[in-house]
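Top line first, the protein sequences correspond to chains X and U. Mind the numbering: the first sequence is residues 1 to 107 in the working numbering, read in order. Mind the numbering: the second sequence is residues 1 to 194 in the working numbering, read in order.
These are computed hints drawn from the structure, not numbers from a lab. Fair warning: there could be bad hints in the mix.
[Unchecked claim] No farther apart than 27 Å at their CA atoms in a straight line, the calculated lysine-lysine pairs in the DSSO-like style are these:
hint, chain 1, residue 1, chain 2, residue 2
1, X, Lys80, X, Lys30
2, U, Lys23, X, Lys72
3, X, Lys80, U, Lys183
4, U, Lys24, X, Lys20
5, U, Lys183, U, Lys168
6, X, Lys79, X, Lys37
7, X, Lys78, U, Lys168
8, U, Lys3, X, Lys69
9, U, Lys183, X, Lys30
10, U, Lys168, X, Lys37
11, U, Lys61, U, Lys23
12, X, Lys6, U, Lys77
13, X, Lys20, X, Lys6
14, X, Lys69, U, Lys61
15, X, Lys69, X, Lys80
16, X, Lys20, X, Lys72
17, U, Lys3, U, Lys77
[Said to hold, decoys possible] Far from chain X, some chain U residues (derived; all Cβ distances over 10 Å):
hint, residue
18, Arg36
19, Gly51
20, Val60
21, Ala178
[Unchecked claim] Have a look at the derived ranges for each label pair, beta carbon to beta carbon:
hint, chain 1, residue 1, chain 2, residue 2, range
22, U, Gly75, X, Lys78, 52 to 60 Å
23, X, His63, U, Ser44, 21 to 29 Å
24, U, Ile78, X, Ser76, 56 to 64 Å
25, U, Glu5, X, Lys30, 56 to 64 Å
26, U, Ile82, X, Ile98, 41 to 49 Å
Ideal placement from N, C-alpha and C gives every residue a C-beta, glycine not left out.
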Amino acid sequence: MDAQLKHGLLEVCVLTALFKEDSYGYRIIKDTSPYIKISESTLYPILRRLESGNYLSVYSVEHNGRLRKYYKITDSGKKKIEEFLDGWNEVMNIHNYIVTETRGKDE
Amino acid sequence: MNKSEFLEQLESGLKDLPNSEIKKSLNYYSEMIDDRIEDGESESDAVASLGSVDEIAVSVKSQTQLPTQTKQKSGYKIFIIILLVLGSPIWLSILLALFSIILAVYVTAASIIIALFSVVASFLLGGTAAVFGSPIIMYSNIQTGIFCIGAGLILFGFGVFLAYGTVKLSSLIIKFTAFCGRKLKSLIIKKKSA
């Protein structure tokens, strides 16, 4: 996938991984891995950006004698997903246009 | 490479960043390694799958350096303002003392000049009065009158002589006080910026 396009999708994918329940770094990577490849070093700045933008909040939970950071999606995080889905209709229109112009057979 | 080696190398790679940033990123990668080990990977595999330490350090730095630097600066400014407010009993009194010294120097110089000119004026006025008053005395006693003219002329002569010296001396005093004032001012301004 195009790097620029992927970059925009990553934030929304991370937020989506938190939509049903709070999660932690490694699980976010695993949950999204069937759809998009996020490495640890890519995820770190995304989480920081989403946190500073108030799209998610962070809390620590003790797990096996160590602290694990859990991420919780905020209302504005959920709104960001909605906006992405709304905007996607536009992308689909452009996709259709590209497909019909380049691959469509005009009789 | 094991986990602690990885974290050590990462820490030294991030050493330009503020401590809180270093700690956050070390915690993150430490958690990632622990979670991978818990998931069944060996420690060295877990570390290896994160990629090169240098690349991670570069990417963390490029993502965090700018906002933290501006934060540090504003924090530093606030710190300075707090210090200035808390230290006001000390630096305000020092400042006041320095201003009083400057004021005292100027007042002293001005009074010396005024005193010198008064002396000169008294010589000149006294001499003139004696010379012009002598004819009245001459009516009653001619010798005393002549003495008066002589004394008056001597006084006036002294006055002219002193006036010359006083003008020279005054300009010297004015120059000296101006010099002192500049010195003290630069002292205060240096104190403020330090």
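Check each numbered hint from earlier against the structure, then list the numbers of those it violates in ascending order.
3, 7, 9, 10, 12, 17, 18, 19, 20, 22, 24, 25, 26
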